[in-house]
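Colleague: What follows is each chain in one-letter form.
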Amino acid sequence: MAKVAVFTETQGDNVKSVTLEILGKLAGQEVDVISIGEVSASGLAELAKYGAGNVHVLKGDGLDQYSPEGYANALKDFIGNGGYDYVFAGSTSIGKDLLPRLSSMFGAGMASEVTNFTMDGGSFAGTRPLFAGKCLAKVEVTGPKPHFVTVRPNALGLPESPTAGAGSKNDVSASAGQIRAAIKEIIKGASEKLDLTEANIIVSGGRAMKNAENFKILEEMADVIGATVGASRAAVDSGFAPHAMQVGQTGKTVAPSLYIACGISGAIQHLAGMRTSKVIVAINTDPDAPIFTKADYGIVGDLFQIVPIMTEEFKKLLG
Amino acid sequence: MNIFVCVKQVPDTETKVTPNGDGSYIETSSIKWIMNPYDEFAVEQALLHKAANAGSTVTVVRVGGTKDTEALRTALAMGADEAILVEASDNLDSYMTAKAIKGAIEKSGKTPDLILTGKQAIDDDCLQVPQILAQMMELPSVSVVVGFEGTGSNLTLKREVEGGALEVYTTSGPVVVACNKGLNTPRYASLPGIMKAKKKPLTTHSLADVGVSADDQRIKYSNFQLPPEKPPGKKFDATDEGNQSSIVSEVVGLLRTEAKVI
Chain A
165 MAKVAVFTET QGDNVKSVTL EILGKLAGQE VDVISIGEVS ASGLAELAKY
215 GAGNVHVLKG DGLDQYSPEG YANALKDFIG NGGYDYVFAG STSIGKDLLP
265 RLSSMFGAGM ASEVTNFTMD GGSFAGTRPL FAGKCLAKVE VTGPKPHFVT
315 VRPNALGLPE SPTAGAGSKN DVSASAGQIR AAIKEIIKGA SEKLDLTEAN
365 IIVSGGRAMK NAENFKILEE MADVIGATVG ASRAAVDSGF APHAMQVGQT
415 GKTVAPSLYI ACGISGAIQH LAGMRTSKVI VAINTDPDAP IFTKADYGIV
465 GDLFQIVPIM TEEFKKLLG
Chain B
538 MNIFVCVKQV PDTETKVTPN GDGSYIETSS IKWIMNPYDE FAVEQALLHK
588 AANAGSTVTV VRVGGTKDTE ALRTALAMGA DEAILVEASD NLDSYMTAKA
638 IKGAIEKSGK TPDLILTGKQ AIDDDCLQVP QILAQMMELP SVSVVVGFEG
688 TGSNLTLKRE VEGGALEVYT TSGPVVVACN KGLNTPRYAS LPGIMKAKKK
738 PLTTHSLADV GVSADDQRIK YSNFQLPPEK PPGKKFDATD EGNQSSIVSE
788 VVGLLRTEAK VI
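As you go down the protein sequences, you meet chains A and B in turn.
Per this note's numbering, the very first residue in the first sequence carries number 165; after that it's consecutive.
Per this note's numbering, the very first residue in the second sequence carries number 538; after that it's consecutive.
Everything labelled a hint here was simulated from the structure, so no lab data went into it.
Even for Gly, the Cβ is constructed at its ideal location relative to N, Cα and C.
Only pairs whose alpha carbons sit at most 30 Å apart, straight line, appear in this in silico DSS-like list of lysine-lysine:
no., chain 1, residue 1, chain 2, residue 2
1, B, 772, A, 374
2, B, 771, A, 374
3, B, 771, A, 380
4, A, 309, B, 757
5, B, 695, A, 240
6, A, 479, B, 797
7, A, 442, B, 772
8, A, 480, B, 771
9, A, 374, B, 553
10, A, 380, B, 797
11, B, 757, A, 302
12, A, 167, B, 757
13, B, 771, A, 416
14, A, 357, B, 695
15, B, 771, B, 553
Covered stretches of chain B (in silico footprint by chain A; criterion: 3 or more residues with CB under 8 Å from a CB of chain A, positions within the stretch not fixed):
no., segment
16, 539 to 552
17, 625 to 633
18, 648 to 661
19, 669 to 677
20, 710 to 718
21, 754 to 763
22, 778 to 787
Derived, one-sided and incomplete: chain A residues facing chain B with beta-carbon distance under 8 Å:
no., residue
23, 274
24, 276
25, 459
26, 470
Chain B with its partners taken away, still in its complex shape:
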């Protein structure tokens, strides 16, 4: 099977985000980049499916900047066979990203049997690329997947919806699967894996190589800013058991009379 995994490189979850000077994006000069956490589940699922289906290859595709290639190196070190990088800015919109991935997959000459992605990237939080990619490639898709069973292309996929309920989908051909936390436990890259990764093939394309131009932009962002700070709240010391009842009673009262939320 030809298994493709799409990964994005994003600022670490502990990053303190600061808008840049003209508000066109955030300051990225001192950011620690990581593989998008949801993409780790996609890479792991690709490797599990490869192990269960002899003769499969795992190709990892990333669209983004080249200052750091942590995400691709991690995926190769975990066990992916080869990598494709489409050089672009790290904040390309979803439509351009999906079109670039489609172009990169087509250029690889391999027809995908399975495309895995994370359910969302934790930087722009758009949750669009898997579905757009599926539509552009005329494939079905299942998103927010927490259960993946089956062999080859005959899959049973569990999609998590409101209230933790699960929609169980069955598919029998090429499909785009967007993975959620809880699907599996991503492996750590071993030291031999990291050494081997250095010798694995990495193909690089420009956006133009994969058929993407400025005309494909669909979303314009501006005015990046920090959310307004709340004025300081009221703090009560209820460490003394003697005054706990009166303090809790006061706070509950304030929720009704001052905050008006109860």
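For reference, chain A alone in the conformation it holds in the complex:
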């Protein structure tokens, strides 16, 4: 059995669901959760339900908002004293930025963005996509411990019958130390919706959207089914959508339960970024478009006719 720390992030009263996915997969290990900043009572209950033993809440000067140095300094001291074999985190904006710095403070290795893993005999072995998902490989960490791992949100899924833990909260006084690159301001994104990498449903538009204005019909569908809107590289390069919306090898790699591709032909670099979606719907006028080879449900037709009808059908089903 390994001793594992899972770094969690909170959103209001909730802990990010990737933390719960990781906890579920770590059943059978000795697992603590570490948060920087307060965890609500409901968040604590969720963590306990999915197997957290101790929940260490780190607070101190300079830790009110994220900074790579401040968070890494605070976690280094705590983790270094904790005798952990592994440190896990979600592959989120913070997880991706923080864990490499933290791991190198220990001279330790890190496996990035695994989509599955095992802990046989308390020893980690993961699977991760490379080349934006064009291939998969087994990944193992060697060298000094603790070993660090980030996990792609939505990839593991939540366990159906989780093993509960004690969920004992422990307040820890921590220090951010010296911060040379600090956030002075946060500019909100245009969308209040979940990020593409965390979204459960994605509606994506390609070159056939013709212009930025037409993305409105995708937004309308997305609002009905609780989806986030994405775009292909062709649509982004044509100026129809910002890069933050790009799905593919030079954009975001996504794994939602449902991906609806509208007017996307399916270039190899786009397919790489979305092929692990659980269910794929493709709408395209070209019956030979490569996207249809990956689609569970393909509709050959004009997206400007099909999308509004589909939005109405979703309304009927969900309304």
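With chain A's structure known, arrange chain B on it following the hints.
Modeller: Same frame as chain A, now just chain B:
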């Protein structure tokens, strides 16, 4: 200012990836190599910052194989002043890569004022080297940068996070900046630039020269394989306006009853 840019050479985005015989990596014999697309934004930002800060030099550093040196030649042709190559395999892990870059920068004798990288390499997709390098060199870092303003070492950097929100960082000393698409528009190498590049200094080191040994390996890969193919899906012809409603209704129904995702 001493500006360093780290570049990686990766298979072109249109590459069809095939695992090699023993599954230890991919087939690389017929690959077209390009500069990692995110590194182009780093090179461009280095050249823009050099132009705005008189007396600056841009040194480009690459760790990787020597079968092709497209990435370094491109960076020099775009306008970088000199190049350092650390000869190694193209799939060194992030820790070894960062340590090799650190060793190469130290060997250059120049103290870096700014180190630019791409936000990630599109081959192993690890997003680790900029942060590890920063920590090893005891520097701050800002990643996924889409906004870069300021003169000298006084910078305002915008980092893109979930939902397209931006964290605005200020820094006032040496820093590692990992660049994202959208930061700038990388220039094309001009013909005179390509000719000049041939005369620019290129220093080559071995891994041992920069203090990296097999003991620095932290990640072991095996069993490279193609992702499982999906069974063929259902395809509907809705080009005839008369049957569009019934087909869409059927597909939406299947999403609930068969796929169970709605």
